[in-house]
Amino acid sequence: MTERLTQFTNDGLTFDVIDSGPLDGEPIVLLHGFPERGNSWNAVAAILNDAGYRTYAPDQRGLSRGARPTSRRAYTMRKVAGDARALIDAVGGSAHLVGHDWGAAAAWATTQYHPEAVRTLTAVSVPHLGAMTKAMLTSRQGLKSWYMGAFQAPWLPERLVNTAPFVKWIRAGGMSDEQYARFRSEVVEDGALRTALNWYRQLPFNDPRDASIPVATPTTFVWSDADLYVGRYAAELCERYVTGPFHFVELPGVSHWIPTEAPEALAAAILERVRGE
Numbered sequence: 001m002t003e004r005l006t007q008f009t010n011d012g013l014t015f016d017v018i019d020s021g022p023l024d025g026e027p028i029v030l031l032h033g034f035p036e037r038g039n040s041w042n043a044v045a046a047i048l049n050d051a052g053y054r055t056y057a058p059d060q061r062g063l064s065r066g067a068r069p070t071s072r073r074a075y076t077m078r079k080v081a082g083d084a085r086a087l088i089d090a091v092g093g094s095a096h097l098v099g100h101d102w103g104a105a106a107a108w109a110t111t112q113y114h115p116e117a118v119r120t121l122t123a124v125s126v127p128h129l130g131a132m133t134k135a136m137l138t139s140r141q142g143l144k145s146w147y148m149g150a151f152q153a154p155w156l157p158e159r160l161v162n163t164a165p166f167v168k169w170i171r172a173g174g175m176s177d178e179q180y181a182r183f184r185s186e187v188v189e190d191g192a193l194r195t196a197l198n199w200y201r202q203l204p205f206n207d208p209r210d211a212s213i214p215v216a217t218p219t220t221f222v223w224s225d226a227d228l229y230v231g232r233y234a235a236e237l238c239e240r241y242v243t244g245p246f247h248f249v250e251l252p253g254v255s256h257w258i259p260t261e262a263p264e265a266l267a268a269a270i271l272e273r274v275r276g277e
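In my numbering, the protein residues as written are 1 to 277.
Since the hints were derived computationally from the structure, they do not count as laboratory data.
Wrong hints could be hidden among the right ones.
[Said to hold, decoys possible] Derived EDC-like pairs: lysine to aspartate or glutamate, alpha-carbon spacing no greater than 20 angstroms straight-line: (1) 134 / 186; (2) 168 / 261; (3) 134 / 11; (4) 168 / 158; (5) 134 / 236; (6) 144 / 250; (7) 144 / 236; (8) 144 / 225; (9) 168 / 178; (10) 134 / 261.
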């Protein structure tokens, strides 16, 4: 692709994209999580661009202004994987795929459903959905993930986001002042909070059998030991669901927000994977 990509379409929706790096660079697609947008990848993308790679960081479903369906069913893993596949098709049909938080879940799902489109996978913070499900049922992960159930309630999370307990909780997880300010302006004030929460509220509408689909694509999983939301047991289970080459990278002392807190270390892990080192 010899021109910059600013938008792509899928499922009747229009998605905004941050396209950066050399025009002839190998494509790396970067999927953000909750409650962020594509610009959460800026620091990582800059390093990847300097290394010769072209990066595409979309505002995902629920965040892009042209892609905010209100139905919970519009956010299932097959739907968001379809969005990632559409972007990959728009940039040439295959790409390296990286995702953080819910973006990691979307990246795992894309690799499960569309393996031919994914050259390599780097998942950050959130493990394979099979590992996450098993950990929630057999360890303290269920307690760490209590908010996933709380976010199912209609209207209540939208109201609580302005309260001191919510701010204290999300800041306790390591979110910086700058990140929190972006969340307020780019998600809450921009009117995207309710549709962004549909990433959680879609959970009852997935086929539970899909969670166990293994991944054969060369995969790196990056986890940080100060993550408030994902524990070690879930992280270490991840390898059981990857049948291809797998590498586990642990970042000591880093919170859940790896792309903004440790961009150099994350970029190094991504580069090692895409280069096949």
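Evaluation of the provided hints:
Note on residue 134 and residue 186: the hinted pairing is violated, with a Cα-Cα distance of about 34 angstroms set against a maximum of 20 angstroms. For the hint linking residue 168 to residue 261, the alpha-carbon distance of about 19 angstroms falls within 20 angstroms, and the restraint holds. In summary, the hint linking residue 134 to residue 11 is not supported, as the alpha carbons are separated by about 32 angstroms, beyond the 20 angstroms threshold. A hinted pair counts as satisfied when its Cα atoms are at most 20 angstroms apart, and residue 168 with residue 158 qualifies at roughly 16 angstroms.
Restraint check for residue 134 and residue 236: satisfied, since their Cα atoms lie roughly 12 angstroms apart, inside the 20 angstroms limit. For the hint linking residue 144 to residue 250, the alpha-carbon distance of about 19 angstroms falls within 20 angstroms, and the restraint holds. Between residue 144 and residue 236 the alpha-carbon distance is near 16 angstroms, which keeps this suggested pair within the 20 angstroms criterion. For the hint linking residue 144 to residue 225, the alpha-carbon distance of about 13 angstroms falls within 20 angstroms, and the restraint holds.
Our distance criterion of 20 angstroms between C-alpha atoms is met by residue 168 and residue 178, whose separation comes to about 15 angstroms. A distance of roughly 28 angstroms separates the Cα atoms of residue 134 and residue 261; the hinted pair therefore is violated under the 20 angstroms criterion.
Hint compliance for this structure: hints 1, 3 and 10 are not met, and every other hint is.
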